[in-house]
Amino acid sequence: MEWIYNPWPWYIGGPMIALVLFLLLFFGKSFGMSSNLRTLCTICGAGKTTAFFNFDWKKQQWNLLVSLGAIIGGALATQYMTSDDAVAIHPDTVTKLKEFQIESAGTAYLPTELFSLEALMDPKVILVLAVGGFLVGFGARYAGGCTSGHAISGLSNLQLVSLYAVIGFFIGGLFMNHLLLPYIL
Amino acid sequence: MRQLSFLFIGIVFGITMYKSEAASWFRIYEMFQFKSFHMYGIIGSALALGVLMIQLIKRYKIKSAFGEPIEIPDKAKSFYRYAYGGIIFGLGWGLAGACPGPIFTLIGAGFYPILIVLFFAVLGTWVYGLIADKLPH
Chain Y
1 MEWIYNPWPW YIGGPMIALV LFLLLFFGKS FGMSSNLRTL CTICGAGKTT
51 AFFNFDWKKQ QWNLLVSLGA IIGGALATQY MTSDDAVAIH PDTVTKLKEF
101 QIESAGTAYL PTELFSLEAL MDPKVILVLA VGGFLVGFGA RYAGGCTSGH
151 AISGLSNLQL VSLYAVIGFF IGGLFMNHLL LPYIL
Chain L
1 MRQLSFLFIG IVFGITMYKS EAASWFRIYE MFQFKSFHMY GIIGSALALG
51 VLMIQLIKRY KIKSAFGEPI EIPDKAKSFY RYAYGGIIFG LGWGLAGACP
101 GPIFTLIGAG FYPILIVLFF AVLGTWVYGL IADKLPH
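Going down the list, the sequences are from chains Y and L. Under our numbering, read the first sequence as residues 1 to 185, first letter to last. Under our numbering, read the second sequence as residues 1 to 137, first letter to last.
Keep in mind that the hints were calculated from the coordinates and are not lab data. Predicted model, so just to flag it, every value in this text is computed and none were measured. Please note: incorrect hints may appear among the correct ones.
[To be verified] Simulated pairs of lysine-lysine, DSS-like, Cα-Cα distance not exceeding 30 Å:
(1) Y/Lys58 <-> L/Lys63
(2) L/Lys75 <-> L/Lys58
(3) Y/Lys48 <-> L/Lys63
(4) Y/Lys58 <-> L/Lys58
(5) L/Lys77 <-> L/Lys63
(6) Y/Lys98 <-> L/Lys63
(7) L/Lys61 <-> Y/Lys59
(8) L/Lys75 <-> Y/Lys58
(9) L/Lys35 <-> Y/Lys29
(10) L/Lys35 <-> Y/Lys59
(11) Y/Lys29 <-> L/Lys75
(12) L/Lys77 <-> Y/Lys58
(13) Y/Lys59 <-> L/Lys75
Turn these sequences into a full structure, and let the hints guide you.
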C-alpha cells in the first residue's frame with residue numbers, strides 16, 4: 001500500500017489526464033477549466049456590465065461540478081493519499097530557489113514563503129498572488145483557454161491555434177521564470 | 001446521475017493534479033528551468049494518448065454515453081488572440097505557479113492563499129470581458 005502515498009510518476013499522471021479528457025468527451029463535453037472563471041463572473045452579475053458574460057450559466061453547471069470535484073479531489077489526495085507532501089525537485093532547482101530565499105524548496109508541496117497564512121502578512125506576497133491570478137484569468141480568456149483547453153484538448157484535436165497559444169504560454173512562462181522572478185522573489 | 005458523473009470526473013482530475021504534483025508551484029518553476037522531465041512527461045503522455053483517442057473517436061464515429069455523436073468543434077482561426085493571450089497567461093502561470101485546474105485542487109488541499117489567486121483570476125476574466133472589443137484578436 002506504500003505506493004498510494006507516494007507521488008505519482010509522469011507516466012501515471014499523464015494517462016490519468018487523458019482519461020479525464022476521454023470521460024468528458026464521452027459525456028458530450030469538452031475539457032477546459034478556465035471557462036469556469038467566466039461562469040463565476042456571470043454568477044456574480046457581470047452580465048449587467050458587458051454582453052460577454054450574458055449567457056445562461058446553468059448550461060455550464062456540469063463544468064462547475066468538475067471544479068467542485070477537483071476541490072474534493074485535492075482534499076482527498078492530501079488527507080488520505082499522502083504521507084509526505086514534499087516535492088522532490090531537482091537539487092539544482094533547490095539551490096537556485098534558496099538563493100532567492102525560498103527555503104522551503106525541496107521540503108514542501110508549495111513554497112511556504114508564498115502560500116502560507118503567515119506569508120500573507122507581507123503585502124508583497126499578496127501582490128504576487130494577485131498579479132499572478134489576474135494574468136492567468138485575463139490571459140486564459142483572451143487566448144480562449146488555458147492548459148487544459150489548449151495544451152490538452154486543443155492540441156489533442158490537432159488545432160494549430162492551440163499550438164500558438166501553448167507557444168505563448170511558454171514564452172510568457174520562460175520570461176517570468178528567468179527574467180522577472182529573480183527580481184520578484 | 002449525469003451530475004454525479006461530472007463530480008466524479010472532477011474528483012479523479014483533482015486527485016491526479018495533486019498526486020502527479022502538477023499542482024505544485026515547484027514543479028512549474030522547475031519545468032521553466034528545464035531541470036526535470038516530469039511536467040513534460042505528464043503533458044506529453046496526456047497529449048500522445050489524447051491525439052490517439054480523438055483520431056479513434058473520429059475514425060470509428062464513437063458515440064457518447066447518451067448515444068449522440070461525439071462532436072469536437074474546431075477553435076476559431078486567428079493568431080493574435082492566441083499569441084497575446086497565451087503570453088499573458090504564461091506570465092501568470094510562471095508567477096503564481098498554478099493554472100485554473102490546480103487552483104481548484106489547491107483550495108481543497110487547504111492552501112488557502114490560493115483563494116487570492118482565484119479571486120484575481122475571476123477579476124482578470126471580468127476585465128478581459130470589459131475591454132475585449134478594444135483588444136486585437
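For each hint, the structure was consulted:
no.	hint	verdict
1	Y/Lys58 <-> L/Lys63	24 Å, holds
2	L/Lys75 <-> L/Lys58	17 Å, holds
3	Y/Lys48 <-> L/Lys63	38 Å, violated
4	Y/Lys58 <-> L/Lys58	29 Å, holds
5	L/Lys77 <-> L/Lys63	27 Å, holds
6	Y/Lys98 <-> L/Lys63	52 Å, violated
7	L/Lys61 <-> Y/Lys59	25 Å, holds
8	L/Lys75 <-> Y/Lys58	23 Å, holds
9	L/Lys35 <-> Y/Lys29	35 Å, violated
10	L/Lys35 <-> Y/Lys59	42 Å, violated
11	Y/Lys29 <-> L/Lys75	15 Å, holds
12	L/Lys77 <-> Y/Lys58	28 Å, holds
13	Y/Lys59 <-> L/Lys75	20 Å, holds
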